[in-house]
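Based on the sequences and whatever the hints tell you, model everything.
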Amino acid sequence: MGKKNDTKQIDDISNEFNMNLKQRKLFGKFIEREKADGWYGSLNAKGDFTYTELFQKAKEFLDLFG
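Residues in the sequence shown are numbered consecutively from 1, following my numbering.
Incorrect hints may appear among the rest.
Said to hold, decoys possible - Below are the DSS-like pairs computed for lysine-lysine, each with C-alpha atoms no more than 30 Å apart in a straight line:
no.: 1; residue 1: LYS59; residue 2: LYS46
no.: 2; residue 1: LYS35; residue 2: LYS4
no.: 3; residue 1: LYS22; residue 2: LYS46
no.: 4; residue 1: LYS59; residue 2: LYS35
no.: 5; residue 1: LYS57; residue 2: LYS8
no.: 6; residue 1: LYS59; residue 2: LYS29
no.: 7; residue 1: LYS8; residue 2: LYS46
no.: 8; residue 1: LYS8; residue 2: LYS35
no.: 9; residue 1: LYS22; residue 2: LYS4
no.: 10; residue 1: LYS29; residue 2: LYS8
no.: 11; residue 1: LYS4; residue 2: LYS46
no.: 12; residue 1: LYS25; residue 2: LYS59
no.: 13; residue 1: LYS57; residue 2: LYS29
no.: 14; residue 1: LYS57; residue 2: LYS25
no.: 15; residue 1: LYS8; residue 2: LYS22
no.: 16; residue 1: LYS46; residue 2: LYS29
no.: 17; residue 1: LYS46; residue 2: LYS35
no.: 18; residue 1: LYS22; residue 2: LYS35
no.: 19; residue 1: LYS8; residue 2: LYS25
no.: 20; residue 1: LYS57; residue 2: LYS35
no.: 21; residue 1: LYS4; residue 2: LYS57
no.: 22; residue 1: LYS59; residue 2: LYS22
no.: 23; residue 1: LYS25; residue 2: LYS4
no.: 24; residue 1: LYS4; residue 2: LYS59
no.: 25; residue 1: LYS4; residue 2: LYS29
no.: 26; residue 1: LYS57; residue 2: LYS22
Don't read these hints as lab results, they were simulated from the structure.
Keep in mind the model is a prediction, meaning the values are calculated, not measured.
Here's what the structure looks like:
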């Protein structure tokens, strides 16, 4: 069984931004926190982020915590 699509997208984005393992884990938590705080993506009714939205979130994350 493969990775869930949202986890794979976060992995792909973190690779694109050359995040190390610690940054990747923190980025995943950042995305979870964004959703918990009411910042939802437009992919589906669950509020998941599109790849483009995750790309933007990665920029925000690295600007804050990079």
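Hint consistency between LYS4 and LYS59 [alpha-carbon to alpha-carbon, up to 30 Å] = Judged against 30 Å, a Cα distance of about 22 Å means the pair holds.
Do the alpha carbons of LYS57 and LYS35 lie within 30 Å of each other, as the hint requires?
-> The hint holds at about 11 Å.
Given the hinted pair LYS59 and LYS35, is their alpha-carbon gap at most 30 Å?
-> Answer holds: LYS59 to LYS35 is near 17 Å, not above 30 Å.
Satisfaction of hint between LYS35 and LYS8, Cα-Cα up to 30 Å | 18 Å, holds
Restraint check for LYS22 with LYS46, where alpha carbons must lie at most 30 Å apart = 26 Å, holds
Taken at face value, is the distance from the CA of LYS59 to the CA of LYS25 at most 30 Å?
-> 15 Å, holds
Would you mind confirming whether the straight-line C-alpha gap from LYS59 to LYS22 stays at or under 30 Å?
-> 16 Å, holds
Hey, LYS59 versus LYS29, does the alpha-carbon distance stay inside 30 Å?
-> Given that 30 Å is the threshold and the Cα spacing comes to 15 Å, the pair holds.
Holds or violated: LYS4 to LYS46, with C-alpha atoms at most 30 Å apart = 14 Å, holds
Pair hint outcome, LYS22 versus LYS4 [Cα-Cα no greater than 30 Å] = Holds, at roughly 20 Å.
Going straight from one Cα to the other, do LYS8 and LYS46 come out at no more than 30 Å?
-> 17 Å, holds
Are the Cα positions of LYS8 and LYS22 separated by 30 Å at most?
-> With Cα atoms ~16 Å apart, LYS8 and LYS22 stay inside 30 Å; holds.
Checked against the numbered hints above, the structure violates none of them.
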